[in-house]
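Q: Residues per chain, in single letters:
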Amino acid sequence: MALVTETDPRLLFTGADWNFDTIRRVYDACEEIALKELKLDVYRNQIEVITAEQMLDAYSSGGMPLFYKHWSFGKHFARDEAMYRKGYTGLAYEIVINSDPCVVYIMEENTITMQTLVIAHAGFGHNHFFKNNYVFKQWTDASGIIDYLDFAKTFIAQCEDRYGQVAVERVLDAAHALQSHGIHRFPRKRMPDLRSEQKRAEERRAHGEAIFNDLWRTVPAKKGKSKDKTDHDARRALLGLPEENVLYFLEKTAPRLAPWQREILRIVRHIAQYFYPQRQTKMMNEGCATWVHHRIMTRLHEEGRISDGSFLEFLHSHTGVVFQPHFDDRRYSGINPYALGFAMMSDIERVCLNPTDEDRYWMPDIAGQKDPYAVLRDVWANYRDESFVSQFLSPQLIRSFGLFNVHDDEDEVDLNVSHIHNERGYRDIRRALSRHYDVARRDPDIQIADVDLAGDRRLILHHRVIDGIVLDDEDTDRVLQHLADLWGYEVSLREMDDETGDMKNEFTARPRATFG
Amino acid sequence: MTIIDRRLNPGGKSLANRQRFIRRAKAQVKRAVREASAGRSIKDIDRGGEVTIPSDGVREPSLRRSSEGGTRDYVLPGNKKYVEGDSIQRPQRGGGSGSEGSEDGGGEDEFRFALSDEEFLDLFLEDLELPDLAKRQLKGVGVPQWRRAGYSTSGSPSNISLTRTMRNSLSRRVALRRPKPEELEALRREIAAIEAGDASGDLAELRERLVVLEKRSKRIPFIDPIDVRFRRLESTPKPVAQAVMFCLMDVSGSMTEHMKDLAKRFYALLYLFLKRRYKHVEVVFIRHTHEAEEVDEQTFFYSRETGGTVVSTALEEMAHIVEERFKPSEWNIYGAQASDGDNAPSDNAKTAALLQNAVLPLCQYYAYLEVGADDDAPMGGERPTTLWRTYAVVNGPDSPIAMRKVRHRRDIFPVFRDLFQKKADQLAEA
Chain A
1 MALVTETDPR
11 LLFTGADWNF
21 DTIRRVYDAC
31 EEIALKELKL
41 DVYRNQIEVI
51 TAEQMLDAYS
61 SGGMPLFYKH
71 WSFGKHFARD
81 EAMYRKGYTG
91 LAYEIVINSD
101 PCVVYIMEEN
111 TITMQTLVIA
121 HAGFGHNHFF
131 KNNYVFKQWT
141 DASGIIDYLD
151 FAKTFIAQCE
161 DRYGQVAVER
171 VLDAAHALQS
181 HGIHRFPRKR
191 MPDLRSEQKR
201 AEERRAHGEA
211 IFNDLWRTVP
221 AKKGKSKDKT
231 DHDARRALLG
241 LPEENVLYFL
251 EKTAPRLAPW
261 QREILRIVRH
271 IAQYFYPQRQ
281 TKMMNEGCAT
291 WVHHRIMTRL
301 HEEGRISDGS
311 FLEFLHSHTG
321 VVFQPHFDDR
331 RYSGINPYAL
341 GFAMMSDIER
351 VCLNPTDEDR
361 YWMPDIAGQK
371 DPYAVLRDVW
381 ANYRDESFVS
391 QFLSPQLIRS
401 FGLFNVHDDE
411 DEVDLNVSHI
421 HNERGYRDIR
431 RALSRHYDVA
441 RRDPDIQIAD
451 VDLAGDRRLI
461 LHHRVIDGIV
471 LDDEDTDRVL
481 QHLADLWGYE
491 VSLREMDDET
501 GDMKNEFTAR
511 PRATFG
Chain B
517 MTIIDRRLNP
527 GGKSLANRQR
537 FIRRAKAQVK
547 RAVREASAGR
557 SIKDIDRGGE
567 VTIPSDGVRE
577 PSLRRSSEGG
587 TRDYVLPGNK
597 KYVEGDSIQR
607 PQRGGGSGSE
617 GSEDGGGEDE
627 FRFALSDEEF
637 LDLFLEDLEL
647 PDLAKRQLKG
657 VGVPQWRRAG
667 YSTSGSPSNI
677 SLTRTMRNSL
687 SRRVALRRPK
697 PEELEALRRE
707 IAAIEAGDAS
717 GDLAELRERL
727 VVLEKRSKRI
737 PFIDPIDVRF
747 RRLESTPKPV
757 AQAVMFCLMD
767 VSGSMTEHMK
777 DLAKRFYALL
787 YLFLKRRYKH
797 VEVVFIRHTH
807 EAEEVDEQTF
817 FYSRETGGTV
827 VSTALEEMAH
837 IVEERFKPSE
847 WNIYGAQASD
857 GDNAPSDNAK
867 TAALLQNAVL
877 PLCQYYAYLE
887 VGADDDAPMG
897 GERPTTLWRT
907 YAVVNGPDSP
917 IAMRKVRHRR
927 DIFPVFRDLF
937 QKKADQLAEA
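Going down the list, the protein sequences come from chains A and B. Note that my numbering numbers the first sequence so that position 515 is 515, with each residue one more than the last. Throughout, my numbering is defined as the position within the second sequence, counted from one, plus 516.
I should point out that these hints are in silico values taken from the structure, not numbers from a laboratory. Values in this document were obtained by computation on a predicted structure and should not be read as measured data. It is possible that some hints are incorrect.
Said to hold, decoys possible - Taking beta-carbon pairs under 8 Å as the criterion, some of the chain B residues facing chain A (in silico):
1) Thr518
2) Asn533
3) Arg536
4) Arg540
5) Ala543
6) Val574
7) Arg581
8) Tyr590
9) Val599
10) Glu600
11) Phe629
12) Leu722
For each residue, glycine too, the CB sits at the ideal point set by N, CA and C.
Chain A on its own, in the form it takes in the complex (with noise of 0.2 Å):
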């Protein structure tokens, strides 16, 4: 490693202090790094800067520049300004909003080499992979998110205006309390347009014609089952039911909601769907970007384009980034997405370049294959944290990590060390970390299952409890009650034992007062 003294002429920068040029410098080669070498696809970026407080105004609306106004946003700022203001927690050095252009904010105190980094952090890593990962394609619309926030704030102000602040707020107070269940989990099936219906009959017909013979006429009928639906089964596909996004039934169905209260539904449940895609890939999302700023800061640094002394304060704060106490460690508070993502995104590029024997056995498709940039691409396009752990944890990093698995039967005495980090366990803690990523199985299973119609119109939901695990019964009683509100009769939730099929607890609410 050449030493790269202050004074080098292809320093892109000297000191700390940073301005507009400078930061136009180092994008331009970060850009260079991130586009020709890494062969990256982004998003335009627009980088903002801002100063800390606004920093802390964006934390309260989970990072979004325009967010209509509710009292839970203003809960997180105090919150967060008590916990900045006292030292606790420092504040993030950017915040990256997945749109098209890319909305990167950076901190107006942060020196030149932190604003590099973000800006090859955020800018390119995560930008990347907003814009390639098949979650955020299939579920969020990059260049439509800033204009429907921008109706949905509007929408709601002028709601406030009409209405009131407080039929308003207890609307969306109940919204919130039901967005985790206001999410769609699977691309819906498309109804077929007229079009389209029409040119499959035909084709059924032609179809028909061609094979055509008079003798299946003579075949006599099959006696036997009707195909008369019961009652019960005929209301439930009218009702589309089950349907587990409990918002978007209550938008449809919900007899007793005025039309701009369904647009509220709408617009909550709208906006948790387009973050489900960040909970999904949180981890891979993090070991992406860090793995793209470590690449370019490491590869400006080879080329003599930042000094020594910089490219340690990087260093610096990067393995503050990565860094993962061990369970026993007072500061550990689980398994640190950044350490972890960066780890597996370095193991990929290693396996592709210097595949050890085990290596070869375990990921045959990638060991050897000498192009890591464009594994990592594929990495980065076609998995989520769920299905990448199952897939790419390779037995030397879960060496490395020291992972073991901890069984918490709550009938036994003790916890049981089930697997640990040898031959017999590689596989089963694989599985146990994929599943700790697999948001379907943390979030409860609750689906609405009926409605009785003939009776007193009461809502009923199922939660299919898994492991045992039942709902934290305190705050299902406040869901609850705003989702009785909501529907305007009675509503039950029944909580079904997954082996068993045995009913293991039952909350029930009616509405204090209806809406409207």
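On the provided structure of chain A, position chain B as indicated by the hints.
A: Coordinates of chain B only, in the frame set by chain A:
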């Protein structure tokens, strides 16, 4: 790539959210604010600061799985000594066995955050007011308010009303049939076409018509001075209620430090409240030992003085100042007195007479606060103090006097609120 500098954008984007949050948690925040104020020094009484509220009212519930029970698997990093099949003692709750942690602070019992000075005072002094602020006076020197009052035909150019002016101009032009520019233009084009030989027509007649129309449009201007209208503003004097508050404090030797602290706290609250709620309230500070004097705010709150006790001197001073400066027919007069209840025995009759005949008839409201020692154990009903007994005689059903006792710091605020609480009927009016 574009770089945008947002640093100069107005901050406080989340202010509206914050107000909604405080409104929502108002009852709890109010309680917290009042509790916080008891522990503060007099100087800091109007500062904002951290308050803690129970997180119950501002909870955001969600459907989530319980953090206990069932069978779970945790994958943890950093194994050093465990082998397959080992047992680990179940950690106590809160010991981190890598549970998913409380999501979004769902498990918190309390919520801490900071209030600004403004927010603090607003909540602190909410729904307090001076009782019977009745004698409304038009105050000559008060700032007149400008109000819109229709339109006029004269005024300054900056007040010109464009829409009105253009409307008048349009209707005048329509009424007088001023030719439109398009009409003239069309006519000219027709003439030009005929002259060029592209069309046929009576050239002379057309030319004559053009001359007539051009004359007409010159004679009738686009905007005439009679069209012009100005926005008219009228100054209206704003009625202001004039009020004066007399703060009478006993600083004699019998008042212990504790008592003086209580009294000063009371006045600090009162002063804060008046300063914030009423723009036109004068405050007069009078302190007395065996003689009374009018002092300024600084001396009143922070200087030390001691001596005997003659209450009537303070009342005399007050009556004297009223006579000199505040005409009872024009001013709403209020009095607040704090004392430990001691008085020279020879002075009681004089005090009662003064209060009854000279001071109370002037006052809308007179609050008497008796401060007591912290450790005074009320043993089977304590004896009322000299001054209390004296005032109790004066205190008839129609008299505007209110009497309260305070022993502890924590009582100051409730008593203060009690004395200046908005009355129910006034609340309904508001």
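Q: Against this structure, judge whether each hint is valid.
A: Hint by hint, here is what the structure shows:
1. Of the supplied interface hints, the one on Thr518(B) holds, with its beta-carbon coming within about 5 Å of a beta-carbon of chain A, less than 8 Å.
2. Annotation: interface hint on Asn533(B) holds; nearest CB of chain A at approximately 4 Å, less than 8 Å.
3. Satisfaction of the interface hint for Arg536(B) is found here, the shortest Cβ-Cβ separation to chain A being roughly 4 Å, below the 8 Å cut-off.
4. At its closest, the beta carbon of Arg540(B) sits 5 Å from a beta carbon of chain A; the interface hint therefore holds under the 8 Å criterion.
5. Interface hint at Ala543(B): violated, since its Cβ lies 14 Å from the closest Cβ of chain A, which is beyond the 8 Å cut-off.
6. This hint holds: Val574(B) has a C-beta 5 Å from the nearest C-beta of chain A, less than the 8 Å allowed.
7. The criterion of a C-beta within 8 Å of any C-beta in chain A is met by Arg581(B), whose closest approach is roughly 5 Å, and the hint holds.
8. This hint holds: Tyr590(B) has a C-beta 5 Å from the nearest C-beta of chain A, less than the 8 Å allowed.
9. With a cut of 8 Å, the hint placing Val599(B) at the interface with chain A holds, because the nearest CB-to-CB distance is about 6 Å.
10. Restraint check, Glu600(B) versus chain A: the minimum CB separation of about 5 Å is within 8 Å; hint holds.
11. Interface restraint check: Phe629(B) against chain A, minimum CB-CB distance 4 Å, threshold 8 Å, status holds.
12. A cut of 8 Å between beta carbons decides the hint on Leu722(B): the least distance to chain A is about 56 Å, and the hint is violated.
Violation of the numbered hints given earlier is confined to hints 5 and 12; the remaining hints are satisfied by the structure.
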